[in-house]
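Residue numbers (numbering that gives the first Met the number 0), protein chains in the order written: chain S, 0 to 134; chain H, 0 to 134; chain Y, 0 to 134; chain F, 0 to 134.
Calculated directly from the structure, the hints in this document are not laboratory data.
Just to be clear, a hint being listed does not mean it is correct.
In silico DSBU-like pairs for lysine-lysine, Cα to Cα no more than 35 Å straight-line [said to hold, decoys possible]: (1) H/K67 - H/K79; (2) S/K80 - H/K129; (3) F/K79 - Y/K80; (4) F/K79 - S/K117; (5) Y/K117 - H/K67; (6) F/K129 - F/K79; (7) S/K117 - S/K80; (8) F/K67 - Y/K80; (9) H/K129 - Y/K67.
Selected chain F positions facing chain H (in silico; Cβ < 8 Å) [stated by the list, open to error]: (10) D13; (11) G16; (12) Y19; (13) L68.
For every residue, glycine included, the Cβ atom is placed at its ideal position computed from N, Cα and C.
4 protein chains.
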Amino acid sequence: MVIHTYQIRLHDTDAAGVIYFASILRIAHEVFERFMGDSGLELGQLLDTVPYLLPIVHAEADFIAPIKLGLRLHVQFSIKKVGVSSFTTRYEFMAPTGQRVATAELVHAAIDRPSGLKTTLPEPLVQALKPHLEV
Amino acid sequence: MVIHTYQIRLHDTDAAGVIYFASILRIAHEVFERFMGDSGLELGQLLDTVPYLLPIVHAEADFIAPIKLGLRLHVQFSIKKVGVSSFTTRYEFMAPTGQRVATAELVHAAIDRPSGLKTTLPEPLVQALKPHLEV
Amino acid sequence: MVIHTYQIRLHDTDAAGVIYFASILRIAHEVFERFMGDSGLELGQLLDTVPYLLPIVHAEADFIAPIKLGLRLHVQFSIKKVGVSSFTTRYEFMAPTGQRVATAELVHAAIDRPSGLKTTLPEPLVQALKPHLEV
Amino acid sequence: MVIHTYQIRLHDTDAAGVIYFASILRIAHEVFERFMGDSGLELGQLLDTVPYLLPIVHAEADFIAPIKLGLRLHVQFSIKKVGVSSFTTRYEFMAPTGQRVATAELVHAAIDRPSGLKTTLPEPLVQALKPHLEV
Numbered sequence: 000m001v002i003h004t005y006q007i008r009l010h011d012t013d014a015a016g017v018i019y020f021a022s023i024l025r026i027a028h029e030v031f032e033r034f035m036g037d038s039g040l041e042l043g044q045l046l047d048t049v050p051y052l053l054p055i056v057h058a059e060a061d062f063i064a065p066i067k068l069g070l071r072l073h074v075q076f077s078i079k080k081v082g083v084s085s086f087t088t089r090y091e092f093m094a095p096t097g098q099r100v101a102t103a104e105l106v107h108a109a110i111d112r113p114s115g116l117k118t119t120l121p122e123p124l125v126q127a128l129k130p131h132l133e134v
Numbered sequence: 000m001v002i003h004t005y006q007i008r009l010h011d012t013d014a015a016g017v018i019y020f021a022s023i024l025r026i027a028h029e030v031f032e033r034f035m036g037d038s039g040l041e042l043g044q045l046l047d048t049v050p051y052l053l054p055i056v057h058a059e060a061d062f063i064a065p066i067k068l069g070l071r072l073h074v075q076f077s078i079k080k081v082g083v084s085s086f087t088t089r090y091e092f093m094a095p096t097g098q099r100v101a102t103a104e105l106v107h108a109a110i111d112r113p114s115g116l117k118t119t120l121p122e123p124l125v126q127a128l129k130p131h132l133e134v
Numbered sequence: 000m001v002i003h004t005y006q007i008r009l010h011d012t013d014a015a016g017v018i019y020f021a022s023i024l025r026i027a028h029e030v031f032e033r034f035m036g037d038s039g040l041e042l043g044q045l046l047d048t049v050p051y052l053l054p055i056v057h058a059e060a061d062f063i064a065p066i067k068l069g070l071r072l073h074v075q076f077s078i079k080k081v082g083v084s085s086f087t088t089r090y091e092f093m094a095p096t097g098q099r100v101a102t103a104e105l106v107h108a109a110i111d112r113p114s115g116l117k118t119t120l121p122e123p124l125v126q127a128l129k130p131h132l133e134v
Numbered sequence: 000m001v002i003h004t005y006q007i008r009l010h011d012t013d014a015a016g017v018i019y020f021a022s023i024l025r026i027a028h029e030v031f032e033r034f035m036g037d038s039g040l041e042l043g044q045l046l047d048t049v050p051y052l053l054p055i056v057h058a059e060a061d062f063i064a065p066i067k068l069g070l071r072l073h074v075q076f077s078i079k080k081v082g083v084s085s086f087t088t089r090y091e092f093m094a095p096t097g098q099r100v101a102t103a104e105l106v107h108a109a110i111d112r113p114s115g116l117k118t119t120l121p122e123p124l125v126q127a128l129k130p131h132l133e134v
């Protein structure tokens with residue numbers, strides 16, 4: 000598990016006064032990007048240098064309590080599953096009080112760029128993901 | 000079932016060359032807003048006039064095929080479930096070829112604004128939703 | 000001049016209850032994309048087929064009156080200037096009452112993709128823009 | 000002058016492979032929100048507690064060089080002008096090489112919430128802004 004922080008910005012909110020729901024999934028992906036960068040696998044570099052993509056094939060989120068402008072979220076990031084050609088990341092969003100306010104899961108597949116077909120997860124990625132597998 | 004159309008805009012895409020995954024959930028919600036407007040329940044008016052909110056408590060999406068800039072989506076909107084205090088909307092995104100490229104579901108709960116607690120779905124909303132229930 | 004319409008969606012707004020300022024520039028660009036499509040110059044096709052890009056080198060917007068969720072904007076699109084290697088588009092956002100609520104301008108430059116340098120505006124683009132030049 | 004950092008995320012980019020232009024204005028506003036928080040004027044708290052709003056009445060940005068996914072921007076934040084009822088913030092975006100890749104300016108007005116009319120800038124805000132005035 001890795002913990003990141005994120006403070007809710009005006010852009011994340013909507014006229015109902017709280018977070019716009021899809022923003023939580025964008026924030027989850029930002030946490031994933033930070034994790035990848037910390038693992039030596041910056042997405043920007045991957046796009047330029049490797050023959051695979053890691054598109055999201057499934058995304059979901061649950062909303063438990065209102066998330067207001069300025070709230071400082073603690074995001075617990077973990078890996079739920081590492082499969083042959085896909086992996087599942089999990090995000091728990093906690094308020095400073097410790098209350099869980101939302102959760103999210105993203106499933107990424109490894110796609111071979113030339114063919115557009117599923118491919119096995121590259122070994123450096125598997126090595127980066129495995130230490131964070133939930134037990 | 001109601002069918003809406005949406006053409007993928009530059010803002011919806013990312014540097015991987017296709018739709019940014021969370022955009023599909025935003026597009027789903029735009030279709031919901033159009034449905035509500037067509038049903039005489041404009042979200043902007045509701046925010047100003049009714050004592051309830053309809054926040055999303057669960058959202059999910061599946062991605063089946065790449066969705067590129069400029070693609071004209073046909074979005075089939077239907078109601079999957081109408082419960083006591085929540086309802087589930089479903090979205091099927093089709094390419095002009097008829098291929099299904101993505102699906103999404105959003106679960107909205109009715110929340111009493113003064114108390115912040117769940118409340119029963121307002122009758123005008125139930126009347127708007129029921130004709131579009133999947134069978 | 001071409002007139003497009005756009006209804007403000009929840010995603011466009013923020014917790015202050017009105018449009019998030021940068022959304023007006025995104026909406027302007029969506030109007031530009033519609034104009035280009037109507038002119039036979041779909042951005043998605045251009046990206047795949049032509050050796051130039053049309054990045055924005057300057058953007059600005061003025062906000063005159065609050066823009067609320069659900070407001071149906073009429074967007075007057077015109078061309079302010081066609082230069083050698085750049086052009087300026089202009090957007091006037093009107094409420095249904097006729098009140099002007101915001102304006103925006105976007106300056107696009109033509110960039111040769113192989114070299115990354117400025118290039119002359121392609122002739123088909125000039126032909127599409129000129130009929131909409133302000134007088 | 001205050002320097003903040005921001006790394007370009009996938010969500011900030013578009014299918015042309017670089018930053019979506021309006022993202023630079025959103026990033027500018029995030030830097031403003033951080034500045035306000037550091038000054039004891041969190042936007043989320045202001046929305047709940049003060050009788051004024053600080054909407055943007057003018058926004059502009061210039062783009063000097065391509066901004067790619069993963070780029071770590073240094074953002075130099077300064078105050079260009081403090082007027083009676085409005086103020087202008089300025090943002091210079093630098094690559095790690097020191098190259099200036101974009102600039103932005105945002106003009107905020109102080110609006111009295113009950114009346115919706117312009118009002119004088121609150122004194123605590125003036126005190127927070129003045130030390131960062133450009134000379």
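Outcome of the hint check:
1. Distance check on the hinted pair: H/K67 and H/K79 sit about 28 Å apart at the alpha-carbon level, within 35 Å; holds.
2. For the hint linking S/K80 to H/K129, the alpha-carbon distance of about 38 Å lies beyond 35 Å, and the restraint is violated.
3. For the given pair, F/K79 sits about 29 Å from Y/K80 by alpha-carbon distance, which is consistent with the 35 Å threshold.
4. With a C-alpha separation of about 52 Å, the suggested pair F/K79 and S/K117 falls outside the 35 Å cut-off, and the hint is violated.
5. Simply put, Y/K117 and H/K67 have alpha-carbon atoms about 26 Å apart, close enough for the 35 Å limit, and the pair holds.
6. Our distance criterion of 35 Å between C-alpha atoms is met by F/K129 and F/K79, whose separation comes to about 10 Å.
7. Proposed proximity of S/K117 and S/K80 is supported: the alpha carbons are some 17 Å apart, at most 35 Å.
8. For the hint pairing F/K67 with Y/K80, the CA-to-CA distance comes to about 29 Å; that is within 35 Å, so the pair holds.
9. With a C-alpha separation of about 29 Å, the suggested pair H/K129 and Y/K67 falls inside the 35 Å cut-off, and the hint holds.
10. Hint status for F/D13: holds, given a least beta-carbon distance of 5 Å to chain H, under 8 Å.
11. Among the interface hints, the one on F/G16 holds; its C-beta lies about 5 Å from the nearest C-beta in chain H, closer than the 8 Å criterion.
12. Here the hint on F/Y19 is kept, as its CB sits about 6 Å from the closest CB of chain H, short of 8 Å.
13. At about 5 Å, the closest approach between the beta carbon of F/L68 and any beta carbon in chain H falls short of 8 Å, and the interface hint on this residue holds.
Of the numbered hints stated above, those contradicted by the structure are hints 2 and 4, listed in ascending order.
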